[in-house]
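*Asks:* In order, the protein sequences belong to chains P and G. Every number in our numbering is 30 more than the matching position in the first sequence, counting from 1. The letter at position 201 of the second sequence is residue 191 when you use our numbering, and the numbering goes up by one with no holes.
These aren't lab readings, by the way, just hints derived from the structure by calculation. Among the hints, a few may not be true.
[To be verified] Calculated cross-link-like contacts (lysine to aspartate or glutamate; reagent style DMTMM-like; alpha-carbon spacing at most 20 angstroms): (1) Lys240/P with Glu252/P; (2) Lys92/P with Glu265/P; (3) Lys602/G with Asp570/G; (4) Lys123/P with Glu189/P; (5) Lys497/G with Glu519/G; (6) Lys92/P with Glu593/G; (7) Lys497/G with Asp582/G; (8) Lys602/G with Glu116/P; (9) Lys92/P with Asp596/G.
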Amino acid sequence: MSDIVSIIQRVLGDVDLVLGWTATGAGGVAAPARFQTAAEAERAVFNATCVHNLAVHLPRLKDQTVGIVAKGCDSRSVAQLIQEREIDRDRVKVIGVRGLGGSIDVRKIWRFHGYGVPVDARTDSLFIDGKEVDRQEFLRQKCLGCRDMDPVIYDELFEASGSSITGIADAATVETALSETGLGTSLTAAEAMSAAGEDESRPLGELFAKMNSAERRLFWREQYSRCIRCYACREACPMCFCRDVCIMQTTDPHWTGAGVDAGEAEMMQLIRVNHLAGRCTGCGECERACPVGIPLMLLMNKQNQVIEELFGYRAGTDLEARPPLLTFDIKGDSRSEK
Amino acid sequence: MRIGVFVCQCGTNIAGTVATDKVAEAALAMRDVLHAETLQYTCSDPGQRAIIDAVQKKGLTRVVIAACSPRMHETTFRRTIGQAGMNAYMMEMVNIREHCSWIHSDIDTATDKAIDLVQKGVARVRRQVPLYSTTVPVTRRVLVIGGGVAGIQAALDIADSGLPVTLVERGPTIGGNMARLDKTFPTLDCSSCILTPRMVEAKQHENISLMVNTEIEQVRGYIGNFEVDVRKKATCVIEDKCTGCMICQEKCPGKAPDEFNAGVGQSKAISIPFPQAVPLVAALRKEHCRRFIKGKCGVCKKVCPADAVDYEQEDEITTEMFGAVVVATGYELYDWREAYPDYGGGQYPDVVTSLQYERMLSASGPTAGHVQRPSDGAEPKQVVFVSCVGSRDESVGRPLCCSVGCMYIAKQAILTKEHIPDSQSYVFYIDIRATGKGYEEFTRRAQKEFGAIYLRGRVGKIYPSNGQLVVMGTDTLSGGPVEIEADLVVLATGFAAARGAGELARKLNISYDQYEFLSESHPKLRPVETTTGGIFLAGACQAPKDIPDSVAQAGAAAAKVIGLLSRGEIETSPMVAAVDQLRCIGCFKCRDVCSYNAIEALELRDGRQVAKVIDSLCQGCGVCNVACPPSVVSLKGYTDNQLIAETMELLR
Chain P
31 MSDIVSIIQR VLGDVDLVLG WTATGAGGVA APARFQTAAE AERAVFNATC
81 VHNLAVHLPR LKDQTVGIVA KGCDSRSVAQ LIQEREIDRD RVKVIGVRGL
131 GGSIDVRKIW RFHGYGVPVD ARTDSLFIDG KEVDRQEFLR QKCLGCRDMD
181 PVIYDELFEA SGSSITGIAD AATVETALSE TGLGTSLTAA EAMSAAGEDE
231 SRPLGELFAK MNSAERRLFW REQYSRCIRC YACREACPMC FCRDVCIMQT
281 TDPHWTGAGV DAGEAEMMQL IRVNHLAGRC TGCGECERAC PVGIPLMLLM
331 NKQNQVIEEL FGYRAGTDLE ARPPLLTFDI KGDSRSEK
Chain G
-9 MRIGVFVCQC GTNIAGTVAT DKVAEAALAM RDVLHAETLQ YTCSDPGQRA
41 IIDAVQKKGL TRVVIAACSP RMHETTFRRT IGQAGMNAYM MEMVNIREHC
91 SWIHSDIDTA TDKAIDLVQK GVARVRRQVP LYSTTVPVTR RVLVIGGGVA
141 GIQAALDIAD SGLPVTLVER GPTIGGNMAR LDKTFPTLDC SSCILTPRMV
191 EAKQHENISL MVNTEIEQVR GYIGNFEVDV RKKATCVIED KCTGCMICQE
241 KCPGKAPDEF NAGVGQSKAI SIPFPQAVPL VAALRKEHCR RFIKGKCGVC
291 KKVCPADAVD YEQEDEITTE MFGAVVVATG YELYDWREAY PDYGGGQYPD
341 VVTSLQYERM LSASGPTAGH VQRPSDGAEP KQVVFVSCVG SRDESVGRPL
391 CCSVGCMYIA KQAILTKEHI PDSQSYVFYI DIRATGKGYE EFTRRAQKEF
441 GAIYLRGRVG KIYPSNGQLV VMGTDTLSGG PVEIEADLVV LATGFAAARG
491 AGELARKLNI SYDQYEFLSE SHPKLRPVET TTGGIFLAGA CQAPKDIPDS
541 VAQAGAAAAK VIGLLSRGEI ETSPMVAAVD QLRCIGCFKC RDVCSYNAIE
591 ALELRDGRQV AKVIDSLCQG CGVCNVACPP SVVSLKGYTD NQLIAETMEL
641 LR
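In isolation and in its complexed conformation, chain G is listed as follows (with noise of 0.2 angstroms):
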């Protein structure tokens, strides 16, 4: 065995505070080392080029570099050492300098911890053995799961490489919130008008299946290969029939919640959400129907002129493969009935919520565009916004900024001027946070040319007062308190993680955090890869963020998946965990543990039955290794010699 030890200096990140020349001097006394030497930076390609030039000199057969955090260069070194001839995994990194230069400031103390650590890395590459990563053929199809616009812009980009995807969306159409919206800041472009097109391409689109009022049951499989149960609700219409002429919806006799219209009128129990709905088909909500409620009624099948209803139709749960899934669930508004009473929780009719105010406000909501408050429909004359309900509030337990509140209150204020010219809009606000190209101007021409008023502070109460509301509040400038009468309250309402995201976030064994927001696998570095490979993200499931961020990551996303399955196959870590199956007991508690189902049953030809290990899903976590009672599971590269070994010599 002949190992190399190089300590890197880091100009002086390393060598102002460890002496790295007695760390090298030390190395060449250890067993084993029969080359030890300090490099510059050992990253450079002079460096990279001595560590080449010491294996091919020396002959070397194992590597240990002291330098930074494997997480920054170990890719770095396994490609040299691979270079150099070497296997790859050949190869230790001892990290002398977050765990040690930079922590500490005694020069003698701090190169004695070196040394330690050193030694440590040198006990461990002794055991280490050559690794090798094995290859896996990929699934060329794609699943996009979520309909608003970062899933179907993921999808297109995808598709238009030429992968084949499946968009699957659980409402009854795509589009997703950004559909329901009026207009978009800071343009004032009209939102349908520039998303419909996008949908349509959808529909259109030869590589794009679209599947409505379906949700994802079971996901099983790994990076290349998933198998995915999707089901699809039974929804009474047929949908290959319906022609999307609306006559059920029509002569439908049941009422029903208007979803689509956030609440704000009312629909029927088949119904289509709305005219430019994609695809265009009726579905039937069963808990609002006659038929199923009473038991008679048969209207829509009587008056549909495809043949189209059929209330015999059952959930249907479908299985297909996909080599990567984009997950891109969206948001929806954070109730806050229940967290503010003060503010009437629900009761007063006036007080709405952002989007309720946008479908008022839409050509295509409910009124037509024609500003009418719940209570009477009435014209409101003076609108309060209140800003950051749901978000920037530790007290309701949501400290997080929904990012577009700022936005689109001054977006709709400036709509609110636009349809009542006698109007006049007042808003409470905290900051005023307009980070995006051409934002912070769009605030100010909501203040100068269109006359909100803003009032910097907090909301305390909102209450009725003949016919109207008292909207009482700080003005924290001014320093006093102040007393708006309100015709109409909106409240910006932040975001929250779409219904479901963490039941969904678990079926694909993603990480999402306490608001069910999907976690991406590094903030800066991964952000749109999750930590489970072949999982990407796309849009606000995994924070909130405005229409160009979300169309940018679902860009991102795609470019991800498109690069992931441009090749035929995936390679593996090899770091992976592996098992003794001579001393397995079979008890499988390794299985029991695993959160990646990557250990199965496996019958030995004596008939014992013992775990296996499948590289492709291991992420190497190690968990397993620790529930196993007999220890004979274990990770390649972290093997239990290893780390005993390691051990003993810091003990020693």
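Extracted from the complex, chain P is given alone in its bound form (with noise of 0.2 angstroms):
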């Protein structure tokens, strides 16, 4: 069994770059890096702090050939990205994650043990400042109930079981790896600091479910009004890659003004979920990196939700599907158009 560094240094005798972690946020958390080097990669680390989804990156390096260490849910958005060949198959090598248990949503941790606590994320326990404490209380919201814990394509497998998987702990070591590397940090003060994020959407949506639709109203204008449009919702999405050309900031033609107040926001919100229609994996990186909170997710997951009914298609799950809002069906009843 490998070790995530032996992988990736393997990896890297066929690629340009490998996207993948070292442990150098805050208390040890994991936080993206790139190695391009077998000694660069000495520093990558793989435990349940990985939250980011990486295949964000992976439309900006279409000129390289790029590995990229994918949990099951991220699996899904670099096949859904294959299925609309905004990257080529054979130009990226996915080392899958499995028996990975669910992610650590450190946010959670921070609030109640303090920013910058030293945190030990395994498949199979966690240690907050080196005392073991109850790992499920910890998850990521989007980690219960989700049906993708394996990878949908890979062409690498690391077996996160509990033994091999790569966590450090010793700040002194971070500090080491911090000034040694200049590899940023993802996770910042204010990101801890914003407490609203994914781990209340759940109880959201229940409360959701049961509101009227001018309680629904109420809530989503209460909810838009905290925008302070800083796109990091469509930054964070794999999928969103129109990059400098998105339609919520040409002003010819003027889909959406330049204010920000809640009907903009809520207007481009609205937008950014057509646009995704049939297209989300349900990362809910979108949502996570929100900084003001605002439960992105809702309106996604309802939308995966009416897509899978209609459909069956649930977006990266088969490469060799065609996502049904990007099909022209020819097969239906009848193409009278009398």
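Reconstruct the complex from the two isolated chains, following the hints.
*Replies:* The structure is reproduced here in structure tokens:
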């Protein structure tokens, strides 16, 4: 059984770079990193705080061959990107992670144990500041009831069983790593302070289901009124690859106004949801990235559910499938246009 | 910007419900509008002159016409403002008739709505830019698909005009279903006597190249320039060498079903369908040939005096360019067996289809015109015809009328009496539909002169009894059940689209209905056009129809083709999609959803791949606009900015 470092080093023989994690985040929490040499890959880790969906970087690395460490959920994004021909299957090597048992929401830990507290998050156990705690309590909301624990596609398989999972909790090591590489940290204090994130989305979902339409309107007004239009939701989404030409920023045509108010934010989010119809893999990065804690997945999950009911389609679960809303289906009953 | 608004009264059609003068008055207050007037009939000569006058006197740069649906008069008014010296597309029609006056009764609210609609039109036309159509050169060659009477007629008419035609038929001979008919109603002409001269003419015509045993593989391109791959199927016979002597057929030991004779009698593995086949060339069917099934035989090759048999022959695919296509794939009989278990579901040999009976009546048929029932070869004395099997029957999902059943039953009843003078025919019918010239008289003759007994009602059950068939039905006129002992039962089976019609339609990108009959562009005004430019329909592939209608439609399709190709080039609609290539992200979702193959990849100088619309192929349907994530594909004349402006105006 290989550890993550040697797998990445092996894959580096075939690709220009590998997207993975180092433990350079606050408290030893994993932060995304790119490895180009075997020496760099020495610092690679994989543990249950590797929450990010690294597939978001793939469309921007089209001119290189890329290896990517992907959890089950992340692998769906990779698959959907391949389905949409945004990336080339031959130019990406997927290091699939199996047996993770869900990833940890460090914001929950920080809320109760203080920002930057050392975390050692394994597949079967969780240590905060050296003490074992109930792992289940700190799982990400989306990992509870996950249908995609195992990767949809992979070229290499990393078994994230309890013993092989790599994590470091030694603050000194983190300091050294940080100073040596200067590789960015992804989790900021601001993020840590945002408490209204995904951990509350399920209770919200249940609450939301009970509201009538007037209450729902009021609810969304209130949510969208917090939007500061930072576009973090868009930037974190692997399927939002229009980048510079995104319709939320064009002034010709003027789809959304430039103002920061609930109405514009609502318009913006409704367009975003529509643009992801049949494409969203439900990775939840938009909601995780939102600095003001708007429960964005509430709408997205609803739509994904409808798409699954209508078309029997889940984005990024079948490389051969054609996304339903990107298909002109001529096998229907009738094409008569009389 | 100088906008003129013209509000049509359409007599009282609009003015009856909409205060048109108030609409014109309100229009004058709208942004950039400096002329507004009402006109009694805008489409009339004085109406059009008024527009031209206003444009020229006031120097208008854009025109809004509030009148009927653009489907009615958009072309008229484009020409009008073109005559006034403007770009024909700087005009917007606002529908205040179908969308307003006809559907409302209160004058005040209807007037308010009309004003809103005009406001919307003004907002939209303000963002209109001049559009110019382009022209594409055409290939002056025509493809006709299907060699039945419709295809032959279309090919001949087009070829006579001097255009080269390729007539493609998937079977071994042209002639289609008409070649299998004995006589034709209502004149009782011998079908092959009137058809075979046409078949020969098609073969001999210097402008027609005939391809039998050939199917359409793939179609690319667009009106004026279709690139078509055709597959010539291997028949193991070299067409140029075969003399049609039929010695191979005579000596062939391999039995095969006789498709030409609708399964009545048997044929050989290598055969010529009938003596007047065109071309008169044998074809070998591998699935029935001993050489291909068992690995040994070779009789045909040995006996062929022309050395025309080649077992190694393979399918050949060739590609040719055509400027226009006529689809004449015809029909086949509805397969009734599964849907009608009460009629024996095909188990009783003496229950036959109308086409099988036609072959039994025909002098060139397997029994040389002696009517013999299949079970024992006896001459039937009591013949029962059952109409509407697989047509006008909701219970089997076939509500359509086959349009010829009533007539051919009458014909077959007459022919039965002529063949067997002491016979008696019974006809179960729902209604007698005899609307053509001389048709009604013909059905009367069947009853009065030839003694056919017509019973109005459906047949419930057919079962065998003492070597005969008992037909149980109802006579709704006398109100009671009827039982008739029959020697032979003929089912007037309805029409189905030819096998594979839908598949072909998809290759051609044309529409079809739930029965796979191909759809015309407009049921009244464009009955031979399809929704795809340059592709026309002829004959029963479009809907069940009889020979005269098929021939007439074929002539109409030919006229359309000749008209189209008489010009050296074709003007394309400028209202097509356009890609903003600076902002295109090259995801090609537009290409995925385009059903006209109108989008291709273009590599820019910096190496970026972007989408490019092929103007002549684009039908302006707008699907690509919706699929484009950054919304950089727009439809000329319907840009996002125009639609947003319209919407904002309504929401104000």
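*Asks:* Compare the structure with each hint and give your call.
*Replies:* Going down the list of hints, with the structure as the test:
1. Lys240/P with Glu252/P: Status holds; Cα separation ~17 angstroms.
2. Lys92/P with Glu265/P: holds, 17 angstroms
3. Lys602/G with Asp570/G: Roughly 9 angstroms between the alpha carbons, so the hint for Lys602/G and Asp570/G holds.
4. Lys123/P with Glu189/P: Cα-Cα ~16 angstroms, so holds.
5. Lys497/G with Glu519/G: holds, 17 angstroms
6. Lys92/P with Glu593/G: This hinted pair holds, its Cα atoms lying about 16 angstroms apart.
7. Lys497/G with Asp582/G: Judged against 20 angstroms, a Cα distance of about 16 angstroms means the pair holds.
8. Lys602/G with Glu116/P: Status holds; Cα separation ~18 angstroms.
9. Lys92/P with Asp596/G: Holds: Lys92/P and Asp596/G sit about 15 angstroms apart, inside 20 angstroms.
No hint from the list above goes unmet by this structure.
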